[in-house]
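Starting from the known structure of chain L, fit chain W onto it as the hints suggest.
Residue-level listing of the chains:
Number of protein chains: 2
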Amino acid sequence: MAAKPPVFTSDFTETTVSSELDYDGGLLKVRRDAIRLPDGHSGWREYIVHPGAVMMLAFVDPETILLERQYRYPKHRHFIELPAGKLEPGEEPLSTAKRELIEECGFEAREWWKVFTLDPSIGYSNEVIHLYGARDLHHVGSKLDVGEHLETFEVKFSDALEWVRDGIITDTKTTFGLLWWDKFGKLP
Amino acid sequence: MAAKPPVFTSDFTETTVSSELDYDGGLLKVRRDAIRLPDGHSGWREYIVHPGAVMMLAFVDPETILLERQYRYPKHRHFIELPAGKLEPGEEPLSTAKRELIEECGFEAREWWKVFTLDPSIGYSNEVIHLYGARDLHHVGSKLDVGEHLETFEVKFSDALEWVRDGIITDTKTTFGLLWWDKFGKLP
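For the protein sequence lines, the chains are L and W, in the order given. When the letters of the first sequence are read in order and numbered with the numbering used here, they come out as residues 1 to 188. When the letters of the second sequence are read in order and numbered with the numbering used here, they come out as residues 189 to 376.
With the rest of the complex left out, here is chain L (with noise of 0.2 Å):
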């Protein structure tokens, strides 16, 4: 049953006044604008522009996922992580889940079906992650881009859990997309 939605009466809407691009990098993009706050008063906020992106609940079998480990510079160690990966221009995110799931670990999945969407980075990012499931996954290769290195490994999805309690995954994607599947998710 759905539970019953909060109901507010606050409108604290920031609207455009103007918006300009104000750092254009290989990968960030950071737009600054001007707005109006919700006091009539003039502010500005600056934001990354986001491709949008998507990650991935593999399952090997029903208690079997995949996961991947990489090195994060922004953070200067290895991380443990959902498969995922950043929408190209034009592309649906189911395409692009098919995309990397192959690209990343080298699996194609005969079914796939929508769990969630998060909003990783609201303070200062436009970026959402659409999570899929997917399964009945055969082998066909993997394709890493030019200087992606990473490894996909198989993990009991009970243990990707541990690791999550134990904080040896604290990416906080991951760690929400297997703590809410583990709560609310059911194979389709």
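Bear in mind the hints are in silico, worked out from the structure with no lab data behind them. In this text the structure is predicted, and so the values were computed from the model without any measurement. Check each hint, because a few of them may be wrong.
Some chain L residues near chain W, calculated using beta-carbon distances under 10 Å [said to hold, decoys possible]:
# : residue
1 : Gly43
2 : Arg45
3 : Arg72
4 : Val155
5 : Leu161
6 : Glu162
7 : Lys173
8 : Trp180
9 : Asp182
Only pairs whose alpha carbons sit at most 20 Å apart, straight line, appear in this in silico SDA-like list of lysine to any residue [what the hints assert, rightly or not]:
#  : chain 1 : residue 1 : chain 2 : residue 2
10 : W       : Lys263    : L       : Ser42
11 : L       : Lys4      : W       : Glu342
12 : L       : Lys114    : W       : Arg353
13 : L       : Lys186    : W       : Lys371
14 : L       : Lys75     : W       : Phe196
15 : W       : Lys302    : L       : Glu162
16 : W       : Lys217    : L       : His76
17 : L       : Lys156    : W       : Phe196
18 : W       : Lys344    : L       : Phe184
19 : W       : Lys344    : L       : Pro6
20 : L       : Lys156    : W       : Lys344
21 : W       : Lys344    : L       : Trp180
22 : W       : Lys331    : L       : Leu37
23 : W       : Lys263    : L       : Ile35
24 : L       : Lys86     : W       : Lys263
25 : L       : Lys29     : W       : Ala222
26 : L       : Lys4      : W       : Gly355
27 : L       : Lys75     : W       : Glu234
28 : L       : Lys75     : W       : Leu225
29 : L       : Lys29     : W       : Asn314
30 : W       : Lys217    : L       : Gly43
31 : W       : Lys192    : L       : Phe153
32 : W       : Lys192    : L       : Arg165
33 : L       : Lys183    : W       : Trp368
34 : L       : Lys75     : W       : Val205
35 : L       : Lys156    : W       : Phe372
36 : L       : Lys29     : W       : Asp212
37 : W       : Lys263    : L       : Pro38
38 : L       : Lys75     : W       : Glu202
39 : L       : Lys75     : W       : Glu342
40 : L       : Lys75     : W       : Gly231
C-beta atoms are modelled at their ideal positions from N, C-alpha and C, and glycine is treated no differently.
Just chain W now, kept in the frame of chain L:
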């Protein structure tokens, strides 16, 4: 019992060759580093330099927590979130948590404990979020920053979880905090 940690032998470490502050905005700082990839090739990484943040599971009673609702300009809509805030320069995370719980929610707590450390955007930010629990709250009145508009409300923890299930709460740090506490948390 602690889970058996995974054992990995691959090393995908990327080493810093040089680093520069490439964008120095009012809020966002972007560094662009020249790096050496694990295969010996050259590359670059761009990432947000973030001061770190805190998030609070503040218990009004054992079944009730504080949530906030505010407008998040990068996403152009309102979000329901756990109370959170950024570290000031030189500030200890627990001091930030105590300060923000007063400023945003108007509550002091007599008891605090550390819950978890989150890495919310490892692909393009060095941000870390320290999650604390707080209880034995007493109301002292909020002191919102200029330009900060939000409302705080009390909700049954079980209702908040249903809002996560139903996609009413999608902010990833908040969904993580609620799901992690539901599965692994214990009041001290």
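field: Given hint Phe372 of chain W paired with Lys156 of chain L - CA-CA distance at most 20 Å
entry: holds (18 Å)
message: Hint check: Lys344 of chain W vs Phe184 of chain L, CA-CA at most 20 Å. Holds or violated?
response: Status holds; Cα separation ~18 Å.
- prompt: Under the criterion that the straight-line Cα-Cα distance not exceed 20 Å, is the pair Lys156 of chain L, Phe196 of chain W satisfied?
  reply: holds (16 Å)
- prompt: Are the Cα positions of Lys331 of chain W and Leu37 of chain L separated by 20 Å at most?
  reply: With a Cα-Cα distance of about 18 Å, the restraint between Lys331 of chain W and Leu37 of chain L holds, given a limit of 20 Å.
message: Checking one constraint from the list: CA of Lys86 of chain L to CA of Lys263 of chain W, max 20 Å. Satisfied?
response: holds (18 Å)
query: Does Asp182 of chain L pass the interface hint, meaning its C-beta sits closer than 10 Å to a C-beta of chain W?
result: Holds, about 7 Å.
message: Tell me if the straight-line CA distance from Lys192 of chain W to Arg165 of chain L falls inside 20 Å.
response: With Cα atoms ~12 Å apart, Lys192 of chain W and Arg165 of chain L stay inside 20 Å; holds.
20 Å limit on alpha-carbon distance, applied to hinted pair Lys114 of chain L and Arg353 of chain W: holds (14 Å)
task: Would you check the hint for Lys344 of chain W and Trp180 of chain L, treating anything up to 20 Å between C-alpha atoms as holding?
output: Holds: Lys344 of chain W and Trp180 of chain L sit about 19 Å apart, inside 20 Å.
- prompt: Taken at face value, is the distance from the CA of Glu202 of chain W to the CA of Lys75 of chain L at most 20 Å?
  reply: Within the cut-off at roughly 11 Å; holds.
Proposed proximity, Ser42 of chain L with Lys263 of chain W (alpha carbon, max 20 Å): holds (19 Å)
query: Holds or violated: are the alpha carbons of Lys75 of chain L and Val205 of chain W at most 20 Å from each other?
result: holds (16 Å)
Hints 20 and 39, counting from the list given before, are not met by this structure.
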